[in-house]
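Engineer: Here is how the chains run, residue by residue.
Protein chains: 4
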Amino acid sequence: MTHTDTAGVSGIYDRRESAARSYCRNFPTEFVKAKNATMTDASGRDYIDFLAGCSSLNYGHNDADMQKALVDYITADGVTHGLDMHTNAKTAFLEAFETHILKPRGMDHKIMMTGPTGTNAVEAAMKLARKVTGRHNIIAFTNGFHGMTLGALGATGNAGKRGGAGMPIPGVTHLPYEGAFGADVDTLAQIEMMLDNPSSGIDAPAAFMLEPVQGEGGLNAASAEWIKGIAALAKRHGALLILDDIQSGIGRTGTFFSFEEMGVVPDLIPLAKSLSGMGLPFAALLIRPEYDVWKPAEHNGTFRGNNHAFITARVAIEKFWADDTLQNAVKEKAKVLNQRLVEIASAVPGATLKGRGMMQGVDVGSGETASAICATCFEHGLIIETSGAHDEVVKILAPLTIPMEQLKAGLDILETATRAHAPKHKIAAE
Amino acid sequence: MTHTDTAGVSGIYDRRESAARSYCRNFPTEFVKAKNATMTDASGRDYIDFLAGCSSLNYGHNDADMQKALVDYITADGVTHGLDMHTNAKTAFLEAFETHILKPRGMDHKIMMTGPTGTNAVEAAMKLARKVTGRHNIIAFTNGFHGMTLGALGATGNAGKRGGAGMPIPGVTHLPYEGAFGADVDTLAQIEMMLDNPSSGIDAPAAFMLEPVQGEGGLNAASAEWIKGIAALAKRHGALLILDDIQSGIGRTGTFFSFEEMGVVPDLIPLAKSLSGMGLPFAALLIRPEYDVWKPAEHNGTFRGNNHAFITARVAIEKFWADDTLQNAVKEKAKVLNQRLVEIASAVPGATLKGRGMMQGVDVGSGETASAICATCFEHGLIIETSGAHDEVVKILAPLTIPMEQLKAGLDILETATRAHAPKHKIAAE
Amino acid sequence: MTHTDTAGVSGIYDRRESAARSYCRNFPTEFVKAKNATMTDASGRDYIDFLAGCSSLNYGHNDADMQKALVDYITADGVTHGLDMHTNAKTAFLEAFETHILKPRGMDHKIMMTGPTGTNAVEAAMKLARKVTGRHNIIAFTNGFHGMTLGALGATGNAGKRGGAGMPIPGVTHLPYEGAFGADVDTLAQIEMMLDNPSSGIDAPAAFMLEPVQGEGGLNAASAEWIKGIAALAKRHGALLILDDIQSGIGRTGTFFSFEEMGVVPDLIPLAKSLSGMGLPFAALLIRPEYDVWKPAEHNGTFRGNNHAFITARVAIEKFWADDTLQNAVKEKAKVLNQRLVEIASAVPGATLKGRGMMQGVDVGSGETASAICATCFEHGLIIETSGAHDEVVKILAPLTIPMEQLKAGLDILETATRAHAPKHKIAAE
Amino acid sequence: MTHTDTAGVSGIYDRRESAARSYCRNFPTEFVKAKNATMTDASGRDYIDFLAGCSSLNYGHNDADMQKALVDYITADGVTHGLDMHTNAKTAFLEAFETHILKPRGMDHKIMMTGPTGTNAVEAAMKLARKVTGRHNIIAFTNGFHGMTLGALGATGNAGKRGGAGMPIPGVTHLPYEGAFGADVDTLAQIEMMLDNPSSGIDAPAAFMLEPVQGEGGLNAASAEWIKGIAALAKRHGALLILDDIQSGIGRTGTFFSFEEMGVVPDLIPLAKSLSGMGLPFAALLIRPEYDVWKPAEHNGTFRGNNHAFITARVAIEKFWADDTLQNAVKEKAKVLNQRLVEIASAVPGATLKGRGMMQGVDVGSGETASAICATCFEHGLIIETSGAHDEVVKILAPLTIPMEQLKAGLDILETATRAHAPKHKIAAE
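Protein chains in written order, with my numbering: chain A, 1 to 430; chain B, 1 to 430; chain C, 1 to 430; chain D, 1 to 430.
Okay, chain A solo, but in the shape it has when bound (with noise of 0.2 Å):
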């Protein structure tokens, strides 16, 4: 395999990648290999790396048990592409979704293998839940992101993102998430006052989509009251109940689901990012029996059964699933992270701490200040990225399965890189 010497900036991708690439102007490098938490560029320097694909690496990069399995079926000449044929993959991954995520959880949602996109699965959300109700609206929420293409987009908050669709993108309401007024504004109660009243100009919702965990709209973690909230208000108004975990399941809080601490149980869940456990392209939505009313083929696409990850995400399940070992292990870095995270915000004035689990961060106040700690970062070995509508939070995303001296030397780097960019004086809201 040829490649270039010079480190991705240059020469071909300048030459022939559009330019709606994005992450590779932060990380200007060209990696060859990674490991776990951490990658490696062409001139082979390591970063430690707090963004894991986005949440989509929360078991680390190239588990070697998944690794291993995916060369033997590749090996025995393993159906790769079967559209959504039968395959002893597939079959495999069901039995141990079932057995180890769905029953202990006492959950008897059907899977709809939709296209290989987190935005896939939540179109597929969204045309049921209009099919099943009849209504088209959905309701959605400040700082959601749920995906770029058209139905996905319309209930994705950014202006920016909303832009690129060149038309007003119909059927969805865009409401205000848990804490978007303060904390001390009840959102849930004005939600409900809006719903309640036939003269809101809010038609009759044919489902409430939210994440748990908003991941690009600034780690605002909803808490369990607000969210039964919504769930008891969607069932009032004949509504379905959408949780979307592409970002924040799948172990990223230290549960498989976000949600399952909180006593609700959703109608439609939406999965990819780490659902393939090692990275490869892989959705699925989850719906409750009583809602499965599709046609055969009403929602279809190529890829939906990606057999490959059907093998990871398999051995992700049976290795990570079958125990309590890997959640425990969570709780303990997640404890270890809020504390250095609560040290690190002390160094800037104002900031506050946000998220949740390993799927924490810090408000440090302005766009350009998390910039600079990022690039800072960046030059000292850490990948990680920011958050937020003003893209003003740092937001730490490691492996699930970091070791716990990477995950401290990370945020040593972390802390060094605030403390140079922390403004001496609190920034008053953008």
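No lab work stands behind these hints: they were computed from the structure. Keep in mind that the hints are not guaranteed to be accurate.
Selected chain D positions facing chain A (in silico; Cβ < 8 Å) [unchecked claim]:
1) T142
2) G157
3) P168
4) H174
5) I202
6) A204
7) Q339
8) V342
9) S366
10) G367
Here are the simulated DSS-like cross-link-like pairs (lysine-lysine), alpha carbons at most 25 Å apart as the crow flies [what the hints assert, rightly or not]:
11) K161/C x K35/D
12) K68/C x K68/D
13) K68/A x K35/B
14) K161/A x K68/B
15) K68/C x K33/D
16) K68/B x K35/A
17) K131/C x K161/B
18) K68/C x K35/D
19) K131/A x K131/C
20) K295/C x K131/D
Stretch by stretch, here's where chain B covers chain C in the computed footprint (C-beta under 8 Å, at least three residues) [as the list claims (entries may be wrong)]:
21) 149-159
22) 285-292
Ideal placement from N, C-alpha and C gives every residue a C-beta, glycine not left out.
Based on the hints, put chains B, C and D in the right spot on chain A.
Structural biologist: For chains B, C and D alone, coordinates are given in the frame of chain A:
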């Protein structure tokens, strides 16, 4: 790995997979191996594959060179998931694509890594056309299929699929494809009249989007004249030309792009299906450089840039497109295919041939007949599917790499099944 | 009452009236009186009126019987505004409409008082068709004009007008009217193929909506066969038939409804323009009783039920539709009109006759020629306007009650102006 | 003129008028005469009118001066219908409007003659805001009512009315009006946060559109501070301010415009209802000159420019707005109204006063109570209606010109009816 002995129809799928599943209903067995044009089920039975992942496996299942390169990459801890960061796998793919695909064809398109599904590449194309022109209206065509997410679904003709949206999808006008009203009606002239009439109700177009051969729509193959006419019309009206080569591209019709002997250069070209070479999820949008006006991340996605797919796609390009061996072989097989289909069609009163290259089929006059033929084929070891608005076309999408003898063996099965189900008299149009 | 001496173009209008004003630009004078087919300006000059409020004055200006009845009603303190409460004026109108219009034609339609504008009656029709069928798609036609509010605008073909919406207007499909592709192309057969093809991209129709003669669209008059074909197609597809008789109805083509000799009974019939008889704002929607599924006030409006209009409309019905005197006179005048237009058209190479009844005109091949002709007519005392997608049709909409001599005098002016501006050679299609 | 003796409910209406009819159901008699605040039915019974055509008859029924001017105009063969051509009636109206309305208030707005319905003026405003800004999103408010045609309906809050559209209506966001969440919640601050948050999902606004007092929505009267806040927010976000004064304007709150003492000058002002003075269909849109970017006829309509309405509107302006007699009288009556409503409200546990000026009412806690009160009023000779999301507000919209004694007599009837139906205990919020 465990698996169900009783293939497919049993247990876990009924219990757990959503009712949306489809192909597995027509091919009720569990596949465990696949090589080139042969799939093998759990009972050890071999099937000839005339479906090839709906043209996602143009180079057959599990090409040995791709397998080897991919296993080597995995074993070396190559980056599996890196968002859209630079990797050696990506660099090499881009260089191969530039060297063997773009340059020889005199094309200077940019490559946009969209989410790894065809529908995502189409959504990106539609958004970009709207952004470039400041207009919303995409002209799509009867019997077109472009995907299932809301934007692409708007451009898809199929009523059952469109119904899944649960609401009107704005921003698309559907006009008649070549031949939509029979061979005698010049739809190009009519489209021109509609576009030139300022009171036609057709809003100024952002783009014309069409498949050079309509895969799902019944293997309708537009002529070079017609497509050139559409290209000229698009130019005159300030609209972009989007040729969706997701199913018809990557060699399926005999050349890499299905349109390359037509004298048109599309502004935007969505690619997917066989792009990865081995059936891995992968999609891209080719963009004329002057229209690459994306802001960074204006359209993004977690799995854009599937590194495993970069590896196999590079091998595919270097192996099959550095010289004309494959193209010559395809021409040879397409000729045989055509001759045999003429014979087969002659068994069915009123049947007609559809498509071109290795994307041909027979319109047998009704969906019932076509389905019965395909079901009998499967009983005799041939995987084959229908296509068309009424599922009335038996469609052959064998791997381009299928050995001639196996191609003929498959066609023998098809011929027998067709003769068994051929109606005595011509069926009236549905 | 004060007024500006310098008619129209001066002072107050430039200073205060919005740039949206239009007709006053072509007829730059201030009118102060009008009787039957004559308008008189502030300087005392008389004009023959071949525009008649765009067919809102089919009985001419200020019919003496209507004037008297209206003055009596006002003088007696009759209810001017009563929302949709019962009044003696409304009762009498409804009884007259039932007796002289509905019963003799064997129609049992309900009468809905919509807001007093044609566009409001059209909006009501579109909403009702969607409610009755549970579908959203209204099939409208090339060159159709149905109004300027968002719903009706969606069904209007004119690009300039549609552009005013500032966004895509969902829920309408525009298909070719009879003759849209020339006399040789059977658009009905094509529409049928589009509707019968489940992959055409045309969503199942709630209604087909069309004008039997397209007033703004160029006086295109559909044949009985074509309209019957559309009616049959609507029925077969479970869609309603809406015949918009706003401009073509109320005697304009020789019968009260323009379609009554065609053998079709529309499900919904929007009426406006000449319905009040004297040019007062008034509109209604006729609804087959089985489709009158409105809930009270589900569509409402402050000025529905204009009592002054009820008074004049009743007089108009009783005076003109109790016997066939008017109809016979219209036939006579239409014949003369047609004969003269044949002569006039012969002066313009390539010119063609358009329309039927007292709704005829000449396509002179270009908007420039047509505008020049109309401007010259105005200089010589004739008010006349253009029509058509390119404003290429000189349109005669004289009051039905115009004296024969005045009709001929107007046509003399038109003939002279046409000869003055007739191009020497046929103009190529724009 | 014939009429039914048995008023209203009988024969012809059941037989012929659409089920959409509404007010006639609550006031089941046939009216034959009306003068100022008195309506008289066919049996000779008089009713006090506290509905006044939903504020279309601010100067009462059949003002003698308007009657005379109109009869004179008709008798003189004044132009009744002239599209938007200049007439002496129009000239005089424009001059009076400029002299007595615009100039004294320091306004230089252009006047656009829209179709003669409020909804048409609103549609024109929405289209123009979109055109001026190149954006699609209109911010409307809870409990707002702006009309029933598709565009205006999108901005109307009422679910029942919205449902009539039969599909999602794009391009409008509904946000909470002042007080929507109770007196303690500062909705302005929240709206500001939503607009300032680039990830709120609220697209950049073309305009903010609201009624200074919500007529249909329950007589909610926004404060000057709140409206000034919205005006400032609109300016900061590059959006237009549309104050819909259709029901609240033309003196209803004590000044010609309802906002003129608030220190804001709206960019666009839709007017209708009482604009003609006598209840004739008439609407207009006032446009700040810099935003009057219409092309000729870009928004048009047959009945724009109702000459009869020009006559009566001019008389109304000259008679009532040349000095402050009317305004002083309104203030006086509003005071009396307020005092009496305080008493009346005290009879109902939990009742609250709503509105301002001559647009006040009592929220009696439930639609059942309010309807019962209004029905009893009608039995005792008072025409009065409900308002509000749950029809829970008894609304007084007496003519501004009602004699003080008659106002008091009407309030006596209302008080008696209210006491008769007052619940013993406060009703819990619906």
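Engineer: Compare the structure with each hint and give your call.
Structural biologist: A quick look at each hint next to the structure:
Against a cut-off of 8 Å between C-beta atoms, the interface hint on T142/D holds, since the closest Cβ of chain A lies about 5 Å away. Checking G157/D against chain A by beta carbon gives a least distance of about 4 Å; that is within 8 Å, so the hint holds. Because the smallest distance between the Cβ of P168/D and any Cβ of chain A comes to about 4 Å, under 8 Å, the interface hint for this residue holds. Interface hint at H174/D: satisfied, since its Cβ lies 3 Å from the closest Cβ of chain A, which is below the 8 Å cut-off.
Because the smallest distance between the Cβ of I202/D and any Cβ of chain A comes to about 6 Å, under 8 Å, the interface hint for this residue holds. The restraint placing A204/D at the interface with chain A holds, with a minimum CB-CB distance near 7 Å, inside the 8 Å limit. Evaluation of the Q339/D hint against chain A yields a violated restraint, the C-beta minimum of about 29 Å exceeding 8 Å. Contact between V342/D and chain A, as hinted, is not supported at the beta carbon level, the nearest pair being about 26 Å apart and thus beyond 8 Å.
Interface restraint check: S366/D against chain A, minimum CB-CB distance 14 Å, threshold 8 Å, status violated. For G367/D, the interface hint is violated, since its Cβ never comes within 8 Å of a Cβ in chain A; the closest pair sits about 11 Å apart. With a C-alpha separation of about 42 Å, the suggested pair K161/C and K35/D falls outside the 25 Å cut-off, and the hint is violated. For the given pair, K68/C sits about 14 Å from K68/D by alpha-carbon distance, which is consistent with the 25 Å threshold.
Using a Cα cut-off of 25 Å, the hinted pair K68/A and K35/B holds, with the two alpha carbons roughly 21 Å apart. Between the alpha carbons of K161/A and K68/B the distance comes to roughly 39 Å, so the proposed pair goes past 25 Å and is violated. Distance restraint check for K68/C and K33/D: the Cα-Cα separation of roughly 18 Å lies within the 25 Å cut-off, and the hinted pair is therefore satisfied. About 21 Å separates the Cα atoms of K68/B and K35/A, which keeps this hinted pair within 25 Å; it holds.
Restraint check for K131/C and K161/B: the C-alpha separation of about 23 Å stays at or below 25 Å, so the hint holds. Among the hinted pairs, K68/C with K35/D is consistent with the structure: their alpha-carbon atoms are about 21 Å apart, no more than 25 Å. Annotation: proposed proximity of K131/A to K131/C holds, straight-line Cα distance about 18 Å (limit 25 Å). Between K295/C and K131/D the alpha-carbon distance is near 35 Å, which puts this suggested pair outside the 25 Å criterion.
For the region 149-159 of chain C, the proposed coverage by chain B is satisfied: 5 residues have a C-beta within less than 8 Å of a C-beta in that chain, meeting the threshold of three. With 0 residues having a beta carbon nearer than 8 Å to a beta carbon of chain B, the region 285-292 of chain C misses the requirement of three or more and the stated coverage is violated.
Hint violations for this structure: numbers 7, 8, 9, 10, 11, 14, 20, 22, all remaining hints satisfied.
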